Amino acid sequence: MPILRPAGDEPLLPAPLGGPHKMFDGSFVIEFLQVPADLDATVLMRATYFGGHALTKLGKQHPQAPPLHIHFYQAESFIVESGAAGTTTTYGVIDTIHTTEGAYPQTASRSGHASHLPTRSADGVTLIPPYLPHNFWPVSPDDPFWSTTEGEAYASTLPAGRHTDTTLLIWGHPKTHTGPPTGTLASDFPPDMDAAFFLGMLSLVDAVHGQRLAMSPGLGATLMTTQTASGAAMIVAPKAWWLGPLRWAIPWYMQVLLEWTRKVFDRRSVVQLVEDAIAREVVKKQ
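Its first residue numbered 1, the sequence shown is counted upward by one per residue in UniProt numbering.
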């Protein structure tokens, strides 16, 4: 019978995927774990934000934090193992602080948006379903949450208070890829999000942040190509309700057009793009 959540003690994937991978000036570490056979998922990862790091104080402006986006085919679930993590979700752009004890919306919402907030189960699993706008970010020690009654009470239970490291266990599901594994890393990507997809994407963003790579049209096309192949679209003007699905459809078709253009100048497949990024930004540094 399928399980609904991992145990949390799963071993790391073999190199070069498993990690731990320290990124963004040492403020963020990600590890990729072996997906249990009875968990219908394609990626299982543990992400840590270091509470005392200067970049963590940036909160939603942390360089790892992605723009608001949706996934068409897969959901993401997560558990807060320590500290506090933030999400921005729905077209109402509602900020929520997630802790080991609960979830605390921080933003007043328009009528109807609150009902679409991610659900949290009794055992602490938060589910972000397909088509729900979302992103993740570290909770700054200066975030107003820590001055609320809930925040002050929670901080008093943490080893370093509001400066405690935050660790999340995140998995993408369900598995939709039914063909043979792709590439030399035996990936489920595309279309499913897996360790190769996330590591390739994050390593490129980290390289831009660290000024090892310059953001260029070619690199931008590579990043958008991986997003498109995974079935993800950015969100524009989320609160402009009168635009309806155009809020994701406009970015999506721009991504598709960009991918067509990229293929004119670069014949590599998206799998090759991801594996080349891992070889250059991960393997060479090990």
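Check each hint, because a few of them may be wrong.
Label pairs and their calculated CB-CB ranges [as the list claims (entries may be wrong)]:
#1 Q211 x W241: 12 to 22 Å
#2 P14 x R212: 18 to 28 Å
#3 P67 x S269: 33 to 43 Å
#4 K284 x A153: 11 to 21 Å
Here are the simulated lysine to any residue pairs, SDA-like style, with alpha carbons at most 20 Å apart [claimed, not checked]:
#5 K22 x L58
#6 K285 x D25
#7 K263 x D276
#8 K22 x G52
#9 K22 x T167
#10 K175 x P130
#11 K60 x K175
No lab work stands behind these hints: they were computed from the structure.
Keep in mind that this is a model prediction, so the values were computed, not measured.
Ideal placement from N, C-alpha and C gives every residue a C-beta, glycine not left out.
To see whether the hints hold, each was checked on the structure:
1. The supplied range of 12 to 22 Å is broken by Q211 and W241, whose beta-carbon atoms lie about 39 Å from each other.
2. Restraint check, P14 to R212: a C-beta distance of roughly 25 Å satisfies the suggested window 18 to 28 Å.
3. Checked against the hint of 33 to 43 Å, the pair P67 and S269 fails, with Cβ atoms roughly 25 Å apart.
4. For the hinted restraint 11 to 21 Å between K284 and A153, the CB-CB distance of approximately 46 Å leaves it violated.
5. Between K22 and L58, the direct Cα distance comes to roughly 18 Å. Compliance with the 20 Å bound is thereby established for this hinted pair.
6. For the given pair, K285 sits about 14 Å from D25 by alpha-carbon distance, which is consistent with the 20 Å threshold.
7. Under the criterion of a C-alpha separation no larger than 20 Å, the hint pairing K263 with D276 is consistent with the structure, at around 16 Å.
8. For a cut-off of 20 Å, the pair hint linking K22 to G52 stands: about 15 Å separates their Cα positions.
9. This hinted pair checks out: K22 and T167 have alpha carbons roughly 14 Å apart, not beyond 20 Å.
10. Restraint check for K175 and P130: the C-alpha separation of about 13 Å stays at or below 20 Å, so the hint holds.
11. With a C-alpha separation of about 30 Å, the suggested pairing of K60 with K175 is violated against the 20 Å cut-off.
Going through the hint list in order, the structure does not satisfy hints 1, 3, 4 and 11.
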